[in-house]
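*Asks:* Chains as they are written, first to last, in full-length UniProt numbering: chain A, 1 to 72; chain B, 1 to 263; chain C, 1 to 593.
It is possible that some hints are incorrect.
Below, simulated EDC-like cross-link-like pairs (lysine to aspartate or glutamate); rule was C-alpha separation at most 20 Å, straight line [to be verified]: (1) B:K8 with C:D516; (2) C:K257 with B:E7; (3) C:K410 with C:D500; (4) C:K410 with C:E10; (5) B:K8 with C:E320.
No lab work stands behind these hints, which were simulated from the structure alone.
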Amino acid sequence: MRISKAGLLVVLALLAPLLVELRTVLSWVNVELTVLETGLVGAVLVVAILVWAFLPENGNGKTTEGDASSEN
Amino acid sequence: MNIHTYEKVWLIGSMVLIVGFIVTVTYGAVGLGIAMVDDSEETIEPTELDEDERFAEPRVEQVGEDEYEAYVVAQTFMFSPDPIEIPAGSEVTFHATSRDVIHSFSVAGTNINTMVIPGEVATMTAEFDEPGEYGVVCNEYCGSGHHNMEGELHVVPEDEFDMTELEIEADDEVETGDEATIEVDVENRMLEALETTVTLEIGDEALSESVTVDGSETETTTFTIDAADLGEGDHDWTVTVDDYEDGGTLTVADELEEDDDDE
Amino acid sequence: MMTMSNAYIEEFPAEAKVVRTAFYSAFLALALGGVFGIVQTLHRTGYYRFIDSADYYTVLTAHGVFLVISFTIFFLVGVFTWAVTTSLDRGLEDLRFTWGWYGLMAIGITLSGVAILAGFTDATDISASVLFTFYAPLQGHPMFYLGLVLFVVGTWLAGADWFRSWWAWKQENPDERIPLPTFMVLTTMLMWYIATLGVAAAILLFLLPWSLGLIDSVNPLLTRTLFWFFGHPVVYFWLMPAYMMWYVMLPKVSGGKLFSDPLARVVFVLFLILSVPTGIHHQYLDPGIAEGFKFIAMTNTMFLLLPSLLTAFTVVASMEHGARQRGGKGYFGWLKALPWRDPVFTGMALAGLMFAAAGFSGMINAGMNINYLVHNTFWVVGHFHLTVGTAVALTFMAVTYWFLPQITGKELWSRSVALGQVVLWFVGMTFMSNAMHRAGLLGVPRRTAEPQYEGFEFEAAVGSMGELQAQIALGGVLLTLSLVLFFANVFGTALNGRSDDLPANEYADALSGPEDAPLVLDNLKLWTGIAIVLVIFAYTFPLLSIIDRGGLLGPEIIPLPVFIESPALLVGAVEQLTAGTLESIRPVLEVSR
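Here chain A stands alone, though its shape is the one from the complex (with noise of 0.2 Å):
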């Protein structure tokens, strides 16, 4: 895993204020979003993460907590 579990759930936990004030600035330049449109976006984006995490990097599955990792 390209991170940790525990900061797997912070990173999706820090979803939430995303999306949630997404609406409200696309609303800013005219893009109107529902709330059903929201949810498919955050569902893309969680989806999207949870991909990025469980790729292997480096041939190993597996990364220990407090490793170096390459920059992003």
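Starting from the known structure of chain A, fit chains B and C onto it as the hints suggest.
*Replies:* Relative to the frame of chain A, chains B and C by itself:
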């Protein structure tokens, strides 16, 4: 004291932000002229509002060409007057006080929002450009019915706005051979003269009279009806002045039991 | 190899008992407050109303008082007891005195709590549905006010207890700098002594005698102003223990050291001198107070942003330092090296992040003329659920996971549940608070049982009112679940057996230590003097003006509800009601002939 470079940058940035905020607020006050509710009014006795010329009769009053004053009383759990009617294109100064506990006078969706404290009069001036209807809420907890405390503010198109008061004195009964009178007082509370028509509909008759009521004046129109024209019985009548209407019933009898001159 | 743990309970067993008792009192308040919270959330949003809307205000009073007076302050006295004893490395001077002030606090809050809860039943006339701000002419039962007085006096004695410890330590260590945790305790308590003068005056001079029928009237604007004299600094009384945790606990948990001890001292000194002379920013829309005084409060408030902004820097810098000690590399890569598995760390980090957002909504509130748009709307409720509700409450819950083992000698029941708890709180609060802010901007009022009105509808800019209500209800439910998880750990830990393998009782070292801090920072008398001068500048003229205009005891007012039946009051009440009723039916009278 060791202050890291980044910390110095952050400190300076913070001070710039803070000063920026103060400048913005000051601009709002001095540049845009947004005044805060303050202590410019005298204190008042909450138990003696009925002796105060402003609040004994909560109302809207015209004081200049497009200038109005609104005297509002907040109490558990209502606002007076309700609805508050003002014309579009006007500048209104609200004066609000409380009869009992602390309330607020808050027009939802606007920045017209003030605390209403017993013993104090809150004044706020606002400009209303467009017609519309607004809800007025009390947003300061005032007791068990607080959530029911609401009112309305109607901004009426200029050409539809008037402050006309109607008062009618009419005979209830009349003898067949007699005449009945209906006296209509039209009070024009605006500063501009009002040209209008007073119409009386009774039986199948309609009587009209044009009147011009000067600003802050009252004109009286008297209608006289021949009882013989109506015939015996109960006759409903209506007096109409613009959008205002009032009505009653006139009874024509051969012989009146008492010489009542009921109004 | 097993090591002998020097957990707090081993070093200071008697003091650990004090901290434990204080924490459990706090948790009881948290539980009650939380139950009331979900009742309110579901009632307001219309999802589930099983109480009378009139009783909502009793629920709201309890929610407010139990959470922001009882929970926060009992937790504070626990943390501060730990902080003073640990950093001075000495036990309390006189445990009987300590239990004395604790007892006073407990009795006080119980009296007030009973007065509030009695409002639910008609069995007695006792009630205090006056909300956490208890503005006159709303009146509570005398027991409510008396309870608050006892509680506050208890906290004053607690401060005296810690000053005693410090003086005793100073005799034996005359040349040493005040250890940072103790420094923080002392500056916080000095601020509290100044702040509580306002509410003590309001209650002892006016509200309590008035509720007992000893005086006929109070000046509503005066008592309200005296409340806010206290009402703003009380939020710093909640925040400063949380800041203490971010300064002395978070760096260590992050794996490193506090970035700068001197700057931490500067921050706390700034709070001491600036917290009180800002209270009028809660009264921007009050008649009877001149705009000039409001402007002064505004500038003071804007400067009060500085210590929080400085804290943001120090906290992040300390975390980064810790992360790099753990091997983190890169501009942002070090974030991954932080101990996210540790609920103590993650909880505090998320609380700090949320506080940044809260700061911005606070800046709007502080913006004098901008305040027109948000005063008393649901926006304010969104704001303070981010500040006291997350920055403070979530930090307190997060550090509980470190403290519980230290004060009970038992291992934490479940770290994963704890981690889930803090994350769930963050997510729930995001939903709830965001919707509250947005609803407030539409004009939806706070402190209202039914924000649905007959004559008009609120118009939402994005989405609809229905969506906002749903989001609030969702957030509230998630927060309640989070509380359940928290209590699972509290109970689970209490039921565990004693452990030999607990971490030592310690707090973070500093990269730039107290030796780098100018001596003047430790001159508590100087800072207290300046604080008092600033308060005199900010408050003398407004208070004198209010008294001059309305009188010390105000105009004749009618309390609501009426407790003491004095004939004068009853006659007055009847007159008021009659006048009011006549007013309301006057239009009806005029139309009918």
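*Asks:* Next step is simple, just say for each hint if it's right about the structure.
*Replies:* Hints versus structure:
Between K8 (chain B) and D516 (chain C) the CA atoms are separated by roughly 16 Å; this keeps the pair inside 20 Å, and the hint holds. Under the criterion of a C-alpha separation no larger than 20 Å, the hint pairing K257 (chain C) with E7 (chain B) is consistent with the structure, at around 16 Å. Taken as a hint, the K410 (chain C) and D500 (chain C) pair is honoured in the structure, with Cα atoms around 8 Å apart against an allowance of 20 Å. For the hint linking K410 (chain C) to E10 (chain C), the alpha-carbon distance of about 12 Å falls within 20 Å, and the restraint holds.
Taken as a hint, the K8 (chain B) and E320 (chain C) pair is honoured in the structure, with Cα atoms around 17 Å apart against an allowance of 20 Å.
This entry satisfies every hint, going by the numbered hints stated previously.
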